[in-house]
Each structure stands twice: as structure tokens, then as C-alpha cells.
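**Student:** Line by line, the protein sequences give chains A and B. Here the first sequence stands for residues 1 to 270, where the numbers follow the numbering used here. Here the second sequence stands for residues 1 to 544, where the numbers follow the numbering used here.
There could be a bad hint or two in this list.
As the list claims (entries may be wrong) - In the DMTMM-like style, the derived pairs of lysine to aspartate or glutamate whose C-alpha atoms are separated by at most 20 Å in a straight line are:
#, chain 1, residue 1, chain 2, residue 2
1, B, K352, A, E170
2, B, K203, B, E269
3, B, K126, B, D179
4, B, K436, A, D257
5, B, K526, B, D219
6, B, K466, B, E269
7, B, K505, B, D184
8, B, K6, B, D184
9, B, K22, A, D257
10, B, K483, B, E301
11, B, K352, A, E163
12, B, K390, A, D257
13, B, K296, B, D354
14, B, K483, B, E313
15, B, K436, B, D354
Simulated from the structure, these hints should not be mistaken for lab results.
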Amino acid sequence: MSRIPTSALIGLVFTSAYFLAALFAPLIAPYELGAIVGDVWEPMSSEHWLGTDGIGRDLLSRMIHGGRTTIFVASAATILSFTLGSTLALTAVVVGGWVDMLLSRFIDLIMSIPTLIFSLVVLSVVPVTLPVLILVMGLLDTTRVYRLARAVAQDVNVMDYVEAARLRGEGTRWIVFREILPNTLSPLVAELGLRFIFMVLFVSTLSFLGLGIQPPAADWGGIVKENKEGIVYGIPAALVPAFAIASLAISVNLVADWVLSRTTSLKGGR
Amino acid sequence: MTDLLKVRNLKIGAHVVPPQGKPFDIEIVHGVSFDLAKGRVLGLIGESGAGKSTIGLSALAYGRGGVEITGGEVSINGRDILKGSLGDLRKLRGHEVTYVSQSAAASFNPSKRLMDQVVETCVRHKLCSRSEAEARAVTLFEKLGLPDPQNIGSRYPHQVSGGQLQRIMTAMALCPQPDLVIFDEPTTALDVTTQIDVLAAIKDAIHDTGVAALYITHDLAVVAQVSDEIMVLQHGNTVEHGETGQIINRPKEDYTRALVSVRSIEHEEKAPTDAPVLKIENICARYPGLSADVVKNIDVELHAGQTLAVVGESGSGKSTLARVITGLLPPHTGKVIFDGRPLSAELAERSKEDLRELQMIYQMADVAMNPRQTVAGIIGRPLEFYFGLKGAARDKRVNELLEEIELGPEFRDRYPAELSGGQKQRVCIARALAAKPKLIICDEVTSALDPLVADGILKLLLNLQKIEGVSFLFITHDLATVKAISDSIAVMYQGEVVRYGAKSKVLAPPFDDYTDLLLSSVPEMKLGWLEDVLAHRKMESAGN
Numbered sequence: 001m002s003r004i005p006t007s008a009l010i011g012l013v014f015t016s017a018y019f020l021a022a023l024f025a026p027l028i029a030p031y032e033l034g035a036i037v038g039d040v041w042e043p044m045s046s047e048h049w050l051g052t053d054g055i056g057r058d059l060l061s062r063m064i065h066g067g068r069t070t071i072f073v074a075s076a077a078t079i080l081s082f083t084l085g086s087t088l089a090l091t092a093v094v095v096g097g098w099v100d101m102l103l104s105r106f107i108d109l110i111m112s113i114p115t116l117i118f119s120l121v122v123l124s125v126v127p128v129t130l131p132v133l134i135l136v137m138g139l140l141d142t143t144r145v146y147r148l149a150r151a152v153a154q155d156v157n158v159m160d161y162v163e164a165a166r167l168r169g170e171g172t173r174w175i176v177f178r179e180i181l182p183n184t185l186s187p188l189v190a191e192l193g194l195r196f197i198f199m200v201l202f203v204s205t206l207s208f209l210g211l212g213i214q215p216p217a218a219d220w221g222g223i224v225k226e227n228k229e230g231i232v233y234g235i236p237a238a239l240v241p242a243f244a245i246a247s248l249a250i251s252v253n254l255v256a257d258w259v260l261s262r263t264t265s266l267k268g269g270r
Numbered sequence: 001m002t003d004l005l006k007v008r009n010l011k012i013g014a015h016v017v018p019p020q021g022k023p024f025d026i027e028i029v030h031g032v033s034f035d036l037a038k039g040r041v042l043g044l045i046g047e048s049g050a051g052k053s054t055i056g057l058s059a060l061a062y063g064r065g066g067v068e069i070t071g072g073e074v075s076i077n078g079r080d081i082l083k084g085s086l087g088d089l090r091k092l093r094g095h096e097v098t099y100v101s102q103s104a105a106a107s108f109n110p111s112k113r114l115m116d117q118v119v120e121t122c123v124r125h126k127l128c129s130r131s132e133a134e135a136r137a138v139t140l141f142e143k144l145g146l147p148d149p150q151n152i153g154s155r156y157p158h159q160v161s162g163g164q165l166q167r168i169m170t171a172m173a174l175c176p177q178p179d180l181v182i183f184d185e186p187t188t189a190l191d192v193t194t195q196i197d198v199l200a201a202i203k204d205a206i207h208d209t210g211v212a213a214l215y216i217t218h219d220l221a222v223v224a225q226v227s228d229e230i231m232v233l234q235h236g237n238t239v240e241h242g243e244t245g246q247i248i249n250r251p252k253e254d255y256t257r258a259l260v261s262v263r264s265i266e267h268e269e270k271a272p273t274d275a276p277v278l279k280i281e282n283i284c285a286r287y288p289g290l291s292a293d294v295v296k297n298i299d300v301e302l303h304a305g306q307t308l309a310v311v312g313e314s315g316s317g318k319s320t321l322a323r324v325i326t327g328l329l330p331p332h333t334g335k336v337i338f339d340g341r342p343l344s345a346e347l348a349e350r351s352k353e354d355l356r357e358l359q360m361i362y363q364m365a366d367v368a369m370n371p372r373q374t375v376a377g378i379i380g381r382p383l384e385f386y387f388g389l390k391g392a393a394r395d396k397r398v399n400e401l402l403e404e405i406e407l408g409p410e411f412r413d414r415y416p417a418e419l420s421g422g423q424k425q426r427v428c429i430a431r432a433l434a435a436k437p438k439l440i441i442c443d444e445v446t447s448a449l450d451p452l453v454a455d456g457i458l459k460l461l462l463n464l465q466k467i468e469g470v471s472f473l474f475i476t477h478d479l480a481t482v483k484a485i486s487d488s489i490a491v492m493y494q495g496e497v498v499r500y501g502a503k504s505k506v507l508a509p510p511f512d513d514y515t516d517l518l519l520s521s522v523p524e525m526k527l528g529w530l531e532d533v534l535a536h537r538k539m540e541s542a543g544n
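Kindly generate the complete structure, drawing on both the sequences and the hints.
**Tutor:** And the structure:
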């Protein structure tokens with residue numbers, strides 16, 4: 001392991017803080033998620049570090065519990081979209097022919113429908129549970145990952161070493177996972193950081209619109225929604241989740257950048 | 001005689017910023033000195049990385065790609081150009097000193113007409129009016145033997161051939177009537193038959209205009225035809241500097257001697273055995289969507305333990321033939337008989353055993369190996385795939401193969417990016433050998449390598465043939481390579497085999513026209529070769 005650059009270190013500290021907070025939310029949060037512990041919209045105090053919300057719940061506790069939901073949903077959906085998207089894309093490139101044609105045109109078809117509208121329609125007809133939410137978000141994002149992975153893989157697929165593997169008689173699975181995937185990793189990792197943040201925003205947007213995480217459960221988008229009236233009276237409660245999303249976005253991408261610079265090195269620096 | 005270009009203790013360095021770790025400085029050229037008088041031609045020769053292009057560009061006070069001139073003195077017509085301001089340099093570049101690059105195809109702007117680009121520097125430097133410059137350009141086109149000199153300037157770069165483009169670039173460099181022209185490998189990217197014409201054109205133009213030139217190349221035989229003196233470079237140092245005759249005929253240094261005697265491998269031709277390992281019968285193939293055959297009626301055979309060289313210019317169909325044999329491009333007629341049994345045309349229908357016995361080595365070793373796998377992984381995979389070797393048995397065999405290619409087990413854990421060009425090609429050879437094949441197709445395996453390194457690879461291949469009894473189908477455009485390793489030769493021209501037989505027969509007269517042209521175009525390492533060939537050709541065409 002070589003030295004970690006400062007920027008990546010900052011990113012790592014914040015990212016791991018968010019993820020640890022999400023993981024151990026029940027232990028860290030000072031109050032229960034739904035407990036009404038104070039007055040409406042109390043200012044920040046030693047008792048309530050971030051103040052209280054519109055019906056007197058501790059905002060810090062809600063942020064920690066909400067972050068748990070947001071980060072879990074976003075991570076699960078990102079993992080789903082990347083596994084599915086890159087596997088499908090690489091297989092399409094390696095197999096080629098009508099398989100590629102069929103898959104790619106189908107993906108194009110899905111992509112031609114605006115994601116948000118598509119998900120709003122789907123979520124308004126099926127019951128909104130966590131697995132459904134993850135599935136809908138993950139599958140919709142798969143189309144984006146597929147497009148990128150296919151473009152990158154096509155460049156790799158024509159390399160002599162892939163041809164050499166074909167001449168050796170290797171099967172599709174070896175070519176996809178051993179020859180092509182390792183060489184498409186750099187752009188995919190860069191995209192991973194970005195996509196994760198889009199997922200955080202996506203689930204927040206859905207919750208804000210009332211189609212994401214359903215009360216009494218909380219998430220960052222939901223907290224914004226509950227406290228948006230406060231902005232008119234100069235109460236910053238709705239801005240706290242926004243700040244959390246922004247800082248998570250930056251720190252995750254600092255880490256992604258660092259991983260990227262390590263994976264681009266071809267001289268065994270991994 | 002006054003010195004036009006004077007280089008004293010030139011030092012050139014670069015600032016390296018690795019992705020991890022601290023940035024550092026390296027020195028590429030360590031104090032080189034030379035003089036060049038008006039009207040003389042100096043050849044700079046060396047392997048890749050010797051610093052020859054870097055030194056050449058220093059005459060323009062230019063460092064390419066982060067390279068910086070760190071010390072010494074370069075003066076042109078008595079002025080130290082390294083001390084000049086950017087404005088002074090602008091007057092120098094494209095006027096007093098001009099540059100001809102290796103790849104004319106990549107250096108011309110594809111969206112502008114050739115004439116606009118040829119006269120651009122003259123007009124920019126206000127040396128003459130545009131019409132005068134165009135008149136000069138036409139004269140130069142004529143002098144350089146370009147067809148239709150009056151109108152060729154109105155074409156776009158893609159409308160002329162590679163050899164013509166290189167000559168137009170020479171015209172562009174000569175148009176402002178410079179004192180010094182830097183030729184940076186101007187013929188390296190061309191076929192031998194084209195190279196000879198371009199070489200003659202450049203030589204005549206240099207003599208007629210009386211310009212001085214720096215001629216950079218890695219091919220000693222080429223530089224011997226053009227230059228008055230030669231400077232041999234290695235690792236940024238001058239090895240030897242002298243008159244061309246002295247360097248070629250009486251080299252003083254060992255390194256120069258090695259360069260002069262390169263490609264002197266002697267290989268005794270073997271008599272054909274009765275069972276050919278590969279028999280190609282009447283193969284015709286075309287790429288999907290094209291109506292013309294790329295290879296036509298190919299009929300050759302290769303005997304066990306021997307080497308068949310397939311030789312021809314680019315576009316002659318020799319690599320396509322390799323794709324047909326490997327099954328990547330199924331032919332529409334004819335068949336391939338391998339070791340007595342017909343091979344399926346489609347790769348997907350071939351048995352694992354067929355695939356194992358027929359291996360391939362590529363021209364560009366860089367892209368023939370997965371950059372994310374270690375050397376042990378690359379060589380070990382065929383062992384595991386074909387023979388099911390695992391763990392210690394596989395490790396042992398990998399080490400044996402590494403010994404066989406003269407690298408040794410310490411290379412096991414390296415990635416391809418950590419190997420030199422020659423080492424990469426050796427690993428590719430080991431990967432092919434790991435399958436214990438009967439036949440290896442070698443597609444231009446030495447073309448991307450420096451002569452001395454290529455020599456080492458050829459010797460290794462010959463040696464391996466002796467030990468393992470493997471046959472080679474050797475695809476190349478380089479006749480020196482052919483002479484060095486083949487037992488039989490097939491000469492290809494426009495998709496057809498025009499001459500085929502044992503080496504001694506193919507390389508002995510009487511020749512057909514094409515083989516004669518091909519053979520006589522290979523530069524020989526002797527003075528006056530170019531003139532001899534051209535005089536000979538003129539005589540023959542006068543006789544007809």
C-alpha cells in the first residue's frame with residue numbers, strides 16, 4: 001500500500017463516518033426515530049444538536065436513522081445496477097450478433113422513457129416496500145450502466161489478447177470476467193461513485209414526492225419534505241439533509257477518484 | 001567551410017510525474033556534440049530510446065512531450081538558439097529549419113488542401129507572395145517525382161498515397177528554402193518498394209537544393225544511402241561519429257559493429273518431409289460485405305519442423321491468410337488440412353485439440369497480452385486450459401517456459417507494462433509454446449522491434465524450432481527476416497501467391513517482375529546501393 005493522498009483521506013474519513021453511522025444507527029442515535037421529545041422546531045441546543053423538527057422529534061436522530069435507509073437503498077440499488085448492467089453489457093459484446101442487437105435495442109427503448117416518470121408510474125401501481133423500491137431504482141439505472149459498459153467493452157473486445165483467448169478456445173464466461181471486465185474497471189469505478197450519488201438523490205426525490213420511503217420510516221428526502229415549511233420562517237431543518245447529501249456526494253467521489261488512479265496503474269500497483 | 005549547425009554538450013531531460021510517489025527528473029541525452037556544415041547530411045542512428053529524435057528536434061529548440069533542453073548550446077548560423085526568445089524561435093522554425101515527420105498521414109490536416117499546407121509557412125513568414133510560393137511548390141513536386149505536379153496540390157491528403165504524402169511533406173519542408181531540414185524516420189512507415197522511390201526523391205532534392213539535413217532513422221542501410229556522415233547513438237550518448245564509408249565499412253565500436261552486422265543469421269534450408277503439417281488448398285476468402293476476394297486461390301503447404309515465410313507488402317492479404325487458417329475468417333472456397341485432417345472453417349466448430357496445436361503470435365505484443373494479468377498468469381493459462389495443470393505443477397512448467405525464452409522465474413509476477421518490447425514478445429512466444437503446438441503462426445512478430453532485439457527473437461525462434469520441432473508460418477514484409485529463418489517462401493501480391501517454393505529456388509533468378517522489384521528494393525548496407533538499383537532499373541526499362 002502506498003501513501004494515501006490527502007484528498008482521498010478526507011473522502012475516506014467522511015464516507016466511512018456516514019456508512020458507520022448508517023450501520024450502527026440504533027446505537028448512535030440519541031433518541032428513537034419517532035419519539036416526540038421537544039417543542040416544534042427548537043433551535044440547536046446541547047440537548048438536541050440539530051434542533052427538533054416540525055412535530056418536535058430530535059432532528060439528529062432522524063438524520064441518523066434516515067441516513068441508514070437512504071444509504072442502504074442507494075447502495076443496494078447501485079450494486080444491483082452495476083452487477084446486472086455490466087454483466088449484460090459484456091455478455092452482449094462478447095456474444096455479439098442478435099443477442100447484442102436485441103438487448104441493446106430493448107435498453108434503448110427503456111431509456112427513451114424519462115426515469116423519474118417511469119418510476120412514478122410503477123411505484124404508484126405497486127405497493128411501495130423497500131425491495132420494490134430497490135428493484136425499480138436498480139433496474140432503471142441498469143440501462144445507464146449497460147450503455148457505458150458496452151461502449152467501453154467494445155473497445156476492449158477488439159484487442160489482440162481477447163482474440164488470443166478466443167483462439168485458445170476460452171468460453172464466454174472467461175472472456176467476460178477475466179479478459180474484458182478487469183480492463184473496463186477504471187471507467188466503471190468512476191461511474192460507480194457518480195451513480196451512487198444519483199441513487200441517493202433519486203431515492204430522496206421519490207421520498208420528497210411521497211412515493212419513496214413511507215412514514216413513519218424516515219429518509220433524507222422525507223426529512224426535507226417534512227420540514228420544508230420551516231424554510232419560510234427561517235428554520236434551517238430542511239437544509240440539514242441537503243448538506244448531508246452534498247458532503248456524502250463529494251466524499252464518495254474523492255474515494256472513487258483515488259481508487260480510479262490506483263486501478264489505472266498497469267504496473268501491479270493494486 | 002562554415003558550420004551551419006553547431007551542437008555543444010547538449011543535455012536534454014524530462015520531468016517525470018508518476019501517478020504515485022514523488023516526481024523526479026531524468027536525463028535523456030547526456031552531453032552530445034556535433035557540427036554540421038552547409039549542404040551536408042548527417043544521419044542520426046540508434047535504437048528506440050536512444051534519443052535520436054530528441055536530438056533532432058533540439059535543432060528547432062523544441063522538446064516534445066514534456067522533454068526539456070537542460071544544458072549545452074545549439075547554434076544555427078552562429079546564433080545560439082537556446083537563448084532566443086519565443087519570437088526569435090518563431091522566425092527560425094519553418095524558415096531556417098524545417099521538419100519532416102515519420103507519419104505524413106498523421107501530420108497533414110485532413111480538412112485542408114495539400115497546396116494550402118505546403119505554402120503555409122512561406123506565406124506566414126512573408127518570405128514570398130502566395131503565387132511565388134505555389135510556383136516553388138510545383139517545382140518541388142516535379143523534382144520529387146510526384147505525378148501531375150501542377151494539380152496535385154489541389155487534392156486532399158486522403159486522395160494521395162502514403163509515399164506521395166511523404167514526398168509532399170518533403171516539398172513542404174523545402175518550400176521556404178531552409179538551411180537545415182530534419183527528417184525524422186521519413187520512410188519507416190512505408191513499404192520497401194515505396195521506400196526506395198521516396199528515398200531517391202529525398203536524396204535528389206537534398207542535392208539539388210544544397211540544403212543541409214539531419215536524417216534520423218533506425219535503419220543503417222537506409223541512412224547509408226542518404227547521408228555524408230553518420231552518428232551512432234545509444235542511451236543518449238554518442239557511440240561513434242564518422243564519415244558514412246568509415247561507419248559502414250570500418251566501424252570502430254562494438255555497438256556499431258553489432259548494428260552493421262545485424263541480420264546476418266545463417267539458416268540452412270531443410271529438405272521437405274513427406275507429410276505436410278499444414279496444407280492450404282485453393283483458399284479464397286473475402287470479408288463480409290465486400291464483393292472482392294482478399295485472398296485468391298492460395299495453394300501452399302508447410303512441412304513439420306520447418307518454416308514457411310509468407311512475404312508481401314501491406315495489403316497483399318498475408319494477415320488475412322492467417323485469419324483464414326485460425327478460423328477467424330472462414331473462406332468461401334477451399335480448405336485447410338492440418339496434420340492430415342481437414343480443419344473446420346469456423347473457429348467455433350474446432351476441437352480443443354485443434355486449437356491447442358495451432359497457436360498464434362501477434363505483431364504488437366503490447367496488445368496481445370491482457371495488461372491486468374501477470375506473466376505467470378498469461379503463460380499459465382494455456383497450461384491449465386489445455387492440460388489441466390494446477391498449483392505447483394503449473395508453477396514448475398511456467399518456470400521452465402520462462403527459462404526457455406531466456407527470461408527466468410524472476411519475471412513471474414510482472415505485469416506486461418513492466419516489460420520491454422522484446423521481453424513482451426518473448427512472453428507471447430512462451431504463451432504459444434505452453435500449448436505444445438504443432439504449428440505457430442507468427443504475424444510480423446519482429447516488425448515492431450529494434451533490429452538487435454528482433455535478431456534475438458529470431459534466434460530464439462530458430463532455437464525453439466530445433467528443440468520442440470514446431471513449424472512456423474511466418475508472415476512478414478521484411479525480406480531480411482525471410483532470408484534468416486525460412487525453409488520455403490510464398491510471395492504474395494494483391495491477394496495471390498505469385499511465387500512459391502523452397503527458399504533457394506524463390507530467392508534465385510530468374511525472377512518474376514514483382515519478386516524482382518521486392519528483392520531489389522530491400523536496402524543493402526553498402527554505399528551507392530540506391531544509385532546502382534535505380535540505374536539498373538532504368539537500363540531494364542530502356543531495354544524493354
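**Student:** Are the hints correct? Go through all of them and say.
**Tutor:** Consistency of the hints with the structure:
no.: 1; hint: K352/B x E170/A; result: holds (9 Å)
no.: 2; hint: K203/B x E269/B; result: violated (38 Å)
no.: 3; hint: K126/B x D179/B; result: holds (17 Å)
no.: 4; hint: K436/B x D257/A; result: violated (44 Å)
no.: 5; hint: K526/B x D219/B; result: holds (12 Å)
no.: 6; hint: K466/B x E269/B; result: holds (13 Å)
no.: 7; hint: K505/B x D184/B; result: violated (38 Å)
no.: 8; hint: K6/B x D184/B; result: holds (19 Å)
no.: 9; hint: K22/B x D257/A; result: holds (19 Å)
no.: 10; hint: K483/B x E301/B; result: holds (18 Å)
no.: 11; hint: K352/B x E163/A; result: holds (16 Å)
no.: 12; hint: K390/B x D257/A; result: violated (37 Å)
no.: 13; hint: K296/B x D354/B; result: violated (25 Å)
no.: 14; hint: K483/B x E313/B; result: holds (16 Å)
no.: 15; hint: K436/B x D354/B; result: holds (12 Å)
Checked against the numbered hints above, the structure breaks hints 2, 4, 7, 12 and 13 and satisfies the rest.
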